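Engineer: Go by the hints and put chain G onto chain F.
Chains as they are written, first to last, in our numbering: chain F, 604 to 712; chain G, 23 to 295.
Some hints could be false.
As the list claims (entries may be wrong) - A short list of chain G residues far from chain F (calculated; beta carbon distances all over 10 Å):
id: 1; residue: Thr94
id: 2; residue: Lys162
id: 3; residue: Ser164
id: 4; residue: Ile167
id: 5; residue: Ala193
id: 6; residue: Phe199
id: 7; residue: Tyr215
id: 8; residue: Leu227
id: 9; residue: Val243
To be verified - Covered, in the sense of this in silico footprint (three residues per stretch, anywhere, with C-beta under 8 Å from a C-beta of chain G), are these stretches of chain F:
id: 10; segment: 629-635
id: 11; segment: 671-684
id: 12; segment: 695-707
Just so you know, the hints here were simulated from the structure itself, not pulled from any lab data. Keep in mind that this is a model prediction, so the values were computed, not measured. The beta carbon of each residue, even a glycine, is placed where N, CA and C say it ideally should be.
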Amino acid sequence: MVRDHLNLGGTNPLVGPNDPCGERFPSVNGVYVTDVCPELPRGVAAGLKGGVFPTREEMDFLASMGADFCCYNLVPTMIVAAHAGFKVLGVVAPDGADLTALLKAVRED
Amino acid sequence: MTKALAHSVQDAVQFLSQVSRQVPKAAVVLGSGVKVLEDLTDDTFSYDQIFGMSPTIVGHAGSLSLGRVDGTLVAVLRGRFHLYEGHNWDVVTLPARVLAAWGVPYLFLTNAAGGINPKFQVGDLMLLKGYRDHLNPQWKESGLIPALMLPPTDCQNELTRDLWKVGEHLASKDSSFRPLRTGVYAALLGPTYETLAEIEMLRRLGADAVGMSTAPELDAVIGTETKAAAISVITNVWSAESAIEGHEEVLREAKAASERLDKLFRSTIAGLK
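With the rest of the complex left out, here is chain F (with noise of 0.2 Å):
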């Protein structure tokens, strides 16, 4: 479960005129949902460029700044999210994994 991210993807979906949904300088800290499924490990995400593969050495560098794992389209949609005022429950799972057992434990929560 995401409980916090580094925005790395070189942009941010909020740039230009604010939305008056939301703040013009939001904090995203606190918007991350924590406190179901303790079970689960908590990790930090790297929201990357879409299409960059990061080399080990990369991989490397971004364990030591406190990234977790790496993901392309969680973090600017976490983003708009937080500034639209959701809270926000960041799940992340490998390939084809079957999550049916794990919303049903978050949504028992």
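Structural biologist: Using the frame of chain F, we list chain G on its own:
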């Protein structure tokens, strides 16, 4: 530099040359909430008149005033263009390029910044010895990993050394003048504030403060005759032990910081050769 930009720089320099026969010795760019040289308002022109456009952010007036500090002609620029507003690099760097093309020898840049260095307190003034550019549009192509792996850009020169000396002098004769800090400023694109994970990352990268401006201007005057120096006013700190009492204290500290910055700039400008 694009052809359209060269045209804008030329237009703005022509306008400024018409309103002032003398080129100012120094220009001061004020960031949000930074209030110095407030008496310099005699000859004031809007950014719209000079640059053909205005900033969109509340609290950034967008005006250039000409006046004298101890007999020295100074331009004060209130407000700036930011990338997070949707402006491109050419627009964001336009005022700095214009000042350099006009032949202004000394450029003082200011900004409000978040303190990352745990020793910093709200109201501290940090003289930039270097900066990290995490907002350049070139990172749109590659993402930020290459930016993170670069060392900070050194921005020390005769003007930063002047400011440091004047700061030391003011602190030695006036106990209310808090000694200057020095450090590395990390410029992020915004408009979201940095996350706690990003703060930790920036701390590991050796950054002392974080904001959303100034790096483009410092970048824009590299290779010109204009010497630039930048000062961050630390408006919040990211550590529990130096957490402050409340909003009133923030305002009081910001006001006290502006007063110290005003003294620092006036003394430094008075000593410029």
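Engineer: Now tell me if each hint is right for this structure.
Structural biologist: Evaluated hints:
1. Thr94: Fine: 36 Å to the nearest Cβ keeps threonine 94(G) off the interface.
2. Lys162: It is violated; lysine 162(G) is separated from chain F by about 5 Å at its closest Cβ, not greater than 10 Å.
3. Ser164: At roughly 7 Å from the nearest Cβ of chain F, serine 164(G) sits no farther out than 10 Å, so the non-interface label is violated.
4. Ile167: About 5 Å separates isoleucine 167(G) from the closest Cβ of chain F, which leaves it inside 10 Å; violated.
5. Ala193: 32 Å, holds
6. Phe199: 30 Å, holds
7. Tyr215: Tyrosine 215(G) is in fact no farther than 10 Å from some Cβ atom of chain F, at 5 Å.
8. Leu227: Its Cβ does come within 10 Å of chain F, the nearest being 8 Å, so this is violated.
9. Val243: 24 Å, holds
10. 629-635: As far as the segment 629-635 of chain F goes, the hint holds, because 4 residues have Cβ atoms under 8 Å from chain G.
11. 671-684: That given contact is violated, which follows from only 1 residues of the segment 671-684 of chain F lying within Cβ reach (below 8 Å) of chain G.
12. 695-707: violated (count 0)
Comparing the model with each numbered hint stated earlier shows that hints 2, 3, 4, 7, 8, 11 and 12 do not hold.
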